[in-house]
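Student: Those sequence lines, one after another, are chains A and B. Note that full-length UniProt numbering has the first sequence beginning at 1, numbered continuously upward. Note that full-length UniProt numbering has the second sequence beginning at 1, numbered continuously upward.
It should be emphasised that the hints constitute simulated quantities derived from the structure, not laboratory data. All residues carry an ideal CB built from backbone N, CA and C; glycine is no exception. Warning: the hint list may mix true and false statements.
If we take Cβ atoms under 7 Å as the criterion, some of the chain B residues that face chain A in the derived model are [to be verified]:
1. Arg106
2. Arg107
3. Arg116
4. His118
5. Ser121
6. Val127
7. Asp133
8. Ala134
9. Val162
10. Gln247
11. Val248
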Amino acid sequence: MPRRSRGGLEREIHAVLAAGDGPMTAGQVRDALGGDLAYTTVLTVLSRLFDKGEIAREQAGRGYAYSAPYDAAALTARRMTLLLDDRDADRAAVLTRFVDGLGPGDEQLLRGLLDR
Amino acid sequence: MTAPVLAAFAVMLLFAAVAPRLGQRLTPAIATCVLTAGSVIVAGSTGFVLAVLALTWLGQAPLVAWLADWSPSELDANTPVPEFVAAGALILLSAAGLRLLIRAIRRGRALVAVRRAHRGSSAVIVVDSDCPDAFATPAPHGRIVVTSALLAALSPEEQRVVLAHERAHLRHWHAWLVVVADLAEASNPLLRPTVAVIRHAVERWADEDAARRIGDRHLVARTVARVALLRHDTADSPLAPAATGGQVPQRVRALLSPPPDRRLWLVAVIVGLLTCSFVATFAVERTGDALFDRVATVQDR
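With the hints as constraints, model all of the structure from the sequences given.
Tutor: In C-alpha cells:
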C-alpha cells in the first residue's frame, strides 16, 4: 500500500467520518480505513482535525467518539472563510484580492468618482 | 575593482529611485514584468557584489584560505578593498540573506497552507459570509473565492467583472510575480517602493484585462468603486484599512480614462539601466576572479 501524505490521510479520515452513520471511535475509524495504520497515528490525525475545528467529538467511555459535521464542500468553504478572516500577512500576501482597504479620504473620492 | 563595484551600486540605487516613477507611467502589464525582472536582477547584482567584497576579507581567514588554496598574506597585500568595507559587506550580505530566507520560508508555508485548504474543490468557491470580499488563490489550479454578501450586493454584470478580474490574476500568475518581487525586496529593502508599484500594477493589469474582455471600462470602474465602498461600509471588515490608501481611487480613475499608451521608450530606459547593472556586475566578477587568481598558491598555468 502506498504511503499516505499527511493531508491525504486527513482527507481520508474526514471522508470516513462523513460517510459513517454516527460518531466513531478512533478504533472504528482505523478499522474502516483498512486497519493497516497504527492506532496512535489515527488518534493523532483525529486530534489534529478536532483542533482545527473540522470535526466534532463527544465523550464515549474512556475516550472520544468523533463525527464530521461538514461534508467536503462545506469543509472547503469553511477553510476559505478562515483565509478570508486571516490577519496573517503571509497568507494575505499570496492571495490576490479584488480590492484592498480604503485609506483616509478615499471614501469621499470614490463617491465623487461614482457620481460623475 | 573599485570602479565596477561603485558602478553596480550606483545602478542599483538609480533603479530603486526611478523604477517606481517610471513604472507608474507604463501600461500595467509591461510595468509588472519589467519592474519584477528588474527587481530580481538588481537584487541579485547587489548580493553578488557584496559577496565578492566580503570574500576579499573572508578569504584571509586561515580555514577559507586553506580550502580555496589562497595565500592569506598575498590576498591582504593585493586586495584593493579596505577591511572595514569588506566587513561591512559581509554584515549586509548576511542580513540580506537571513531576511530573504525568513521571507521565503514564511511565504512558502502560506502557499502550501492555501493550496492545501482548497484541494479537491471547485474552481469558484462561494463562502457564506457577511463581509463582501473576493480573492483568488495562486495559479496553477488557483480558485476564485467570493462571499455570498458580495454576490448578493452586485448585479450579474458586476459579478462578471469580479470574476473576470480574478481570472486575469490566475491567467497571468500574478500572485507568483508579487511573491518573486517581494523576495527581491526582502533581500534589498531599498526596492520597497518598486514592489509597492508592482502590487498596484498587478491590480491595474487585472482591471484592464477584465475591461477588455467585458468591453466596458466604465462598468469595471464602477464595480471596483462599489466593492471598495461596500467593504468599507461593512463595520466588522476583517481587513485592516490599507496603509497607504489612494490605490482604489487610482484604479477607478485609470479605468474612467482611455486605455494607457505603451510608451516603449520608457521600457528602453529601464532595460538600458538593467544592462548597465549586468555589465557592472560582470566587471566585478572579472576583476574579482583576477584578484583571487593572483593570490592563488597553486598556479593553474
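Student: Which of the numbered hints are not met once you compare them with the structure shown?
Tutor: As far as the earlier hints go, not one is violated by this structure.
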